[in-house]
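S.K.: Here the sequence shown is numbered in numbering that gives the first Met the number 0, starting from 0 and rising by one per residue.
Think of the hints as simulated: they come from the structure by calculation, not from any bench. Backbone N, C-alpha and C define an ideal beta-carbon position, used for all residues, glycine too. Some clues are possibly wrong.
[Stated by the list, open to error] Calculated lysine to aspartate or glutamate pairs in the DMTMM-like style (CA-CA distance at most 20 Å, straight line):
| hint | residue 1 | residue 2 |
| --- | --- | --- |
| 1 | K173 | D63 |
| 2 | K16 | E165 |
| 3 | K47 | D37 |
| 4 | K47 | E165 |
[What the hints assert, rightly or not] Pair by pair, the computed Cβ-Cβ distance ranges are:
| hint | residue 1 | residue 2 | range |
| --- | --- | --- | --- |
| 5 | Q40 | R62 | 26 to 32 Å |
| 6 | Q40 | M153 | 52 to 58 Å |
| 7 | R86 | M142 | 16 to 22 Å |
| 8 | E29 | L133 | 18 to 24 Å |
| 9 | R86 | H65 | 31 to 37 Å |
| 10 | G105 | N21 | 29 to 35 Å |
| 11 | H65 | Q40 | 41 to 47 Å |
| 12 | A120 | H17 | 20 to 26 Å |
| 13 | N28 | W128 | 20 to 26 Å |
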Amino acid sequence: MYWDIDPYHTLVEFSVKHLMINVVKGRFNEVQGSIYLDTQQPENSWVKASVNTASLSTSIEQRDIHLRSADFFDVEQYPTITFESTRVRRTTSKSCVITGNLALRGITHTVSFQTDFNGYARDPFSDGWRLGLLSVATIDRRMFGMHFNQVLDMGISLVGYDTRIELCIEAVKKPS
Numbered sequence: 000m001y002w003d004i005d006p007y008h009t010l011v012e013f014s015v016k017h018l019m020i021n022v023v024k025g026r027f028n029e030v031q032g033s034i035y036l037d038t039q040q041p042e043n044s045w046v047k048a049s050v051n052t053a054s055l056s057t058s059i060e061q062r063d064i065h066l067r068s069a070d071f072f073d074v075e076q077y078p079t080i081t082f083e084s085t086r087v088r089r090t091t092s093k094s095c096v097i098t099g100n101l102a103l104r105g106i107t108h109t110v111s112f113q114t115d116f117n118g119y120a121r122d123p124f125s126d127g128w129r130l131g132l133l134s135v136a137t138i139d140r141r142m143f144g145m146h147f148n149q150v151l152d153m154g155i156s157l158v159g160y161d162t163r164i165e166l167c168i169e170a171v172k173k174p175s
C-alpha cells in the first residue's frame with residue numbers, strides 16, 4: 000500500500016544536550032514524503048522523505064537564527080534534508096529497523112531508525128485510512144559537518160554532539 004506523509008500530523012523533532020545537563024528540543028515544521036508498506040513482506044517496504052531546513056524552530060528566535068546559520072544547518076546553502084530507505088528489517092510484529100541514506104548539509108550517511116508501528120485508523124473527516132509510526136535514531140552531528148561548539152569552565156561543552164531524531168509520522172493511504 001502507498002501512503003503520503005501528512006505534514007500537518009507529522010512531527011520531525013531533534014534534541015541535543017545543552018551544557019551537558021539538559022536537552023534542547025527543536026522541530027522542523029515542513030515535511031513531505033511517501034511510504035510504501037508491504038505488510039506481508041516488510042523488506043519490500045520503503046520510505047522517502049524531505050524536510051525544509053528553514054522551517055526549523057526551537058521557540059527561541061535567536062537560537063533558531065544560529066541553528067539556521069553555517070555553524071549548523073546552513074539553510075541558505077542546504078535548504079533540504081532528505082532520507083531514502085535502503086533496507087527495512089522487521090524486528091517484532093509491530094516494529095522494524097529502517098535503514099537508509101540521510102542527506103544533510105550536502106553530506107550523506109547511512110542511518111538506521113528504530114520504528115514502531117502504532118496502527119491504522121479511519122479518519123472520520125475524510126473517510127480515508129491513516130497509518131501511525133514512531134521512528135527514532137541518534138546521530139553524531141559532526142558526521143554532517145556540524146562542528147560548532149564552545150568549551151566552557153571545567154571542560155563542559157555548550158552543545159552535545161549526539162543528536163536524537165524522533166519522527167512521529169502520520170500518513171494517509173493513497174487511493175488505489
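S.K.: Against each hint, give a clear statement of whether it holds in the structure.
M.R.: To see whether the hints hold, each was checked on the structure:
With a CA separation close to 35 Å, the supplied pair K173 and D63 exceeds the 20 Å bound. Proximity of K16 to E165 is assessed by CA-CA distance (about 15 Å); at most 20 Å being required, the pair is judged to hold. Between the alpha carbons of K47 and D37 the distance comes to roughly 15 Å, so the proposed pair stays at or under 20 Å and holds. Using a Cα cut-off of 20 Å, the hinted pair K47 and E165 holds, with the two alpha carbons roughly 16 Å apart.
Q40 and R62 have their C-beta atoms about 44 Å apart, which leaves the hinted 26 to 32 Å range violated. At about 53 Å, the beta-carbon gap between Q40 and M153 stays in the expected band of 52 to 58 Å. Between R86 and M142 the CB atoms are about 19 Å apart, so this pair conforms to the stated range of 16 to 22 Å. The given range of 18 to 24 Å is respected by E29 and L133, whose C-beta atoms sit roughly 20 Å from each other.
At roughly 35 Å, the beta carbons of R86 and H65 sit within the given window of 31 to 37 Å. Between G105 and N21 the beta carbon distance is about 31 Å. The supplied range of 29 to 35 Å therefore holds. At about 45 Å, the beta-carbon gap between H65 and Q40 stays in the expected band of 41 to 47 Å. Separation of A120 from H17 is about 36 Å and departs from the stated range, judged on CB atoms against 20 to 26 Å.
Distance hint check for N28 and W128: the Cβ-Cβ separation is about 25 Å, which falls inside the suggested range of 20 to 26 Å.
Violated hints, in rising order: 1, 5, 12; the structure is consistent with all others.
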